[in-house]
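Assemble the whole structure, with the sequences as input and the hints as a guide.
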Amino acid sequence: MSPTTQAVLQFLQAYWVELVCGVVIVAAVPLVAGYAVLVERKLMADMQARLGPMRVGPHGLLQPIADAVKLLIKEDIIPRDADMLIFWFAPVISMVAALTSMGALYFGPAFRVANDINVGILFVVGVSSLGFLGIILGGWASNSHYSILGAVRSTAQLISYETAGGLAMVSALLLAGTFKIRAIVEVQSQNQVWFIFLAPVGFFMYLVASIAETNRAPFDLPEAESELVAGYMTEYSGFRWALYFLGEYANMIVVASVATTLFLGGWLRPFSNVRWLSWLDFSPVLVLVALGVYCLYRAGKQPVKVQSGFMWAVALGCFAVAALFLTPWIFSPLRFALPGLNGAFWFLLKVSAYIYMFMWLRFTLPRYRFDQLMHLGWYILIPLAIVNVFSVGLALLLEMEFGWNRWLALIVTTILTLGVAAYLVHLNDKRGAAASAAVVASDSYAG
Amino acid sequence: MLDSIVFYFFAGIAVLSAALMVTRRNVMHSAVFLVTTLLSIAGIFLQLRAEFLFVTQIIVYVGGIMVLFIFVIMLVRLDVPLHQMRFRFQRLVALLVAFALGVEVLVILLLARKLPGAGLFVQSTAPVSKLPPNSEELSRTLFSNYLLPFEIASVLLLVAMVGAVVMAKGRKRADES
Amino acid sequence: MADRVQDDVIRQQQETLLGADELVLNMGPQHPSTHGVLRVKLKLDGERVRGTECVIGYLHRGVEKIAENRTYQQFAPYVDRMDYVAAVSNGLGYCEAVEKLLSVEAPDRAKVIRTILTELQRIASHLLWLGTHALDIGALTPLFYCMREREEILKIFEKYCGARLTTHAFRIGGLQYESYDGFEQDVGRFCNDFERRIQEYVDLLTGNSIWIGRTRNVGVLNAADCIALGATGPILRAAGVKWDLRKAQPYAAYERYQFEIPVGTNGDTYDRYMVRMEEMRQSRLICLQAIENIPAGAIMGKVGKVIKPVPGEVYHSIEAPKGILGYYIVSDGTTQPYRVRIRPPSFVNLQALDKMIRGHLVADVVAVIGTLDIVLGEVDR
Amino acid sequence: MADDSKPPQEPEGTPPEQKEGVKAPAPTSATSPTPSTGAKPPVVAKPPAVAPKAPPPAQTPWDNELVRRYRERFGDAIMAAMEDRKQAYLVIDSAKLLEIARYSRDEEKFDLFEDFTAVDWPKREKRFDLIAVLYSFAHNMRLRLKIAVGAEEKPASVVEIWPTANWLEREIFDMFGIEFAGHPDMKRILLPDGWQGHPLRKDYDILQQDTAWVRENLGIESGQ
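Protein chains in written order, with my numbering: chain E, 1 to 447; chain V, 1 to 177; chain X, 1 to 381; chain L, 1 to 224.
Some hints here could point you the wrong way.
[Said to hold, decoys possible] In the DSS-like style, the derived pairs of lysine-lysine whose C-alpha atoms are separated by at most 25 Å in a straight line are:
(1) K202/L to K65/X
(2) K126/L to K65/X
(3) K430/E to K169/V
(4) K247/X to K86/L
(5) K154/L to K86/L
(6) K65/X to K109/L
(7) K96/L to K308/X
(8) K126/L to K202/L
Keep in mind that the hints were calculated from the coordinates and are not lab data.
Now the structure itself:
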């Protein structure tokens, strides 16, 4: 055996878990993103009194695959005066950044790529923010006014909301006392409370900032279709466009995972330390069985044979997976996989809930105007985030130095923060009214 | 061995893209290659187990400063003025500086070879897992030994920020009047 | 010497840095929120609009020229294609104009049915406006709710005359079709449901702070400017002028029904939104009153098969959903009009765009185009 | 929706009877109001006198306070005041257009310039009739001004009096080729800039089009 082969084998032996997890991420994220789009469309359709995609596959279930095929074989159009090199390169940056940052995430106590690096959460945030380079460069390289306006908007938005989002994260990091992702979750487990309850203001600000960072409605100005056509993506088509799209959805998963880790207790189930609620560990199985039963119930009501057959298939699939989940309970040598499975279930459930929140907001709210967005960022969120960091610090200080009850300290400081927030909103309203009055006044050109 | 592969990989990319950054005519391309250089240097930091430095490099330089660079390049067509800004002795001065820098590096390397362990290559013999977490180390040093320089730096940045705000406000007022 | 060069460079740099040049952005003709093929050249300073120029005519079909080569009856379907989301109103205006030219009147029954259909059309037109306007401002959902209600109206049209969009519902002198069985019930059911449905839009938009922020003080046009620029319809009423042709110079059967003219105060986009919402409610009330008592009798007036008006001319205008829709018809005594001039509300209202948008941001352009409620088929004719 | 907002006018109150001018007294023989009285609606026209079946409701002279005020003020510039199917119009001299327009807006409160268009009568001495439809909120009343202009004549633009006229005059220019003196931006509006011909003129056939333009700009051979 040559030394090279040996080295490779050694390497594989040492890193096989990471490699497998990495491959799973790279392979699964496009699929997940595709189905996230389908879920989004279905949800939107449901809220808008219509059906959504129904043609490709039963209930449109194969739609993402059809879309992917379509995008792959679509004609690849590059504007004549585009900067070729950067035009090719930019979507890749977006995609790579989003996928790389997933490497440091823990999707469960066991599922991760990078070993617990001691700046884990910073790594995720820092690398995922690189995705904006892709947006800016792509917008610039397209050589189109719409694209460049979209890129400029997204840059300004990034700079404003990264700051607010970062400061909002600091409140949770102060409570956790570490950057390590695993340790952050473990601290929440030891304290028997998720940080969302200790730093609600921080969570809410992170929610707003993360919507803005992922360019989702109501902050989707860089790609506001009614104003800038498609913003920085205007000139992109086919697979390059798909890369951007994937990057965007992957980014959504990243911010949702960060929020879950920091504020929602990561892979912990609710009340993870309460013994008599241990039956919650069965919830993956319970949910799957419930889903299967529902499908069976609906199968009888389907008008077409194919559809009821499909319902049967889904139900059986659910039961099969539920049985798979049950095996560790029955077959004790497999018991080691249990925390991983349950953790992944709860983690993904929280991530989905967070993303559902995103989608729900998108269907409900109109879009902000750019100056309003900037006002919100600079006049409300950033000052409030700074105040919030101070108040959480103050609470910790009160607890540690003056022996206050932790809850009392946090409640007092949170109320303080909320007071500041109310004042800031009040100030902003006044300023906004004055500004729009000024626009009206200065706009006095004779018709 | 893996370590050196990683190092040479990143170092090679850093040098190559730095050279490309200097030689490209298109400002935007230069910026992109600068990003690549910075990223590969961040990679070297990581390889040295300086995670915090690595993340800071990415967040501050690539995520912050470079985005601003590109922002400015995008908004302002720098091509035209930059051509005219080139002064006559540019080549000469550049050569001189490069030469001086090269000599400096050479001297340091030679000195280091002569005096092993005297401040340049302090190699920790402890295994990786035993090293103290370097973000804590870094903050401890920063807030104890180097408190004054740190504070001076922050005041400097604050002054720059206030100055920028004042300039922007002043221009706005001038526009209005 | 070197100093001078340096100074030049610095000055040039400052010029580029301080944005001496304006960015010209071509919005349209293929743009998602120009509601058709409108092209607006925007002069931008950053994102602020410094001036606009509308380029129109992409849909020009020469309707007025066509009119001169068709008989009076033949031309009637063409007017449906102008404001194709309010075809019934167009038809009403044209038929009444020709009736005036002939000095005949439609029978009462025809008038009432015309009124009902026209008010339904007004609701449909406003619904389409609301949905697309909200979509332009980024609210996705109202569009589908509006389409759902509009569908009900279009179903009534379809049942009445077989067409949904370009209905050609009326004839010169009255109606061709009797109202179908259950017409009153259909309209009544729609109107009763609509009360509740309109509350859904109100819930989604009226109190929403983003919506208010996007519309309040945006695209302000005060009463004097409205009149100077000829902007009529909801735009004029939102500026506080309590004027509606249905009240001022009643046509069809409007003088029989009680309804209010909603007015705004500021003349901004939000006021126009509120005015149109209230107009829908008022139209609903008119329909409810009208179906109570549809007079019996003939549906066609005394108009011959061949229409040969006495030479002369007539101008007739109605309050279309978008503003004053006027027809100026010159007859030379033959079966074909000598000249038909159509005064399209969208065309005239669109002129106000420049005034409304100056000093605002790009994002407001779509809000203002939306609030003008233009249909390019009518602008370009 | 504050109802307390004070609308500038309350035209609702006026009874609908009063609309569109006041009825004229005795009908006299219907004549074309333009100076060239002999001119008949051309091409396919038949003389109006040939339709004698019923008492024609056509043009009758129109006279009331309003007309008298106009006549007093502008004298001969008001060439005729007629009523057609209860709708009143004044025929005015194109030279005095601006003054009459300003007077109508300021003194007679015809503040809404509702429409502006033209009609082509190729056989007349002055080929075009410009038709301006004015509306007064204060009196809830409509008035038409008719201005005869020749093919070469350049009538004054009323844009500075009613800004609405801007696009309407451009449309007239586009369709009839009548240029307005003093218009800020006299160019085509509906048709493309390089188009030849003015389609609403009677000598422009309905099948006619600028084939050269179509070939050049659309890259297709026109089928007509």
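Verification of the supplied hints:
no.: 1; hint: K202/L to K65/X; result: holds (9 Å)
no.: 2; hint: K126/L to K65/X; result: holds (21 Å)
no.: 3; hint: K430/E to K169/V; result: holds (20 Å)
no.: 4; hint: K247/X to K86/L; result: holds (19 Å)
no.: 5; hint: K154/L to K86/L; result: violated (31 Å)
no.: 6; hint: K65/X to K109/L; result: violated (33 Å)
no.: 7; hint: K96/L to K308/X; result: violated (36 Å)
no.: 8; hint: K126/L to K202/L; result: holds (14 Å)
In this structure, the hints that do not hold are numbers 5, 6 and 7, in rising order.
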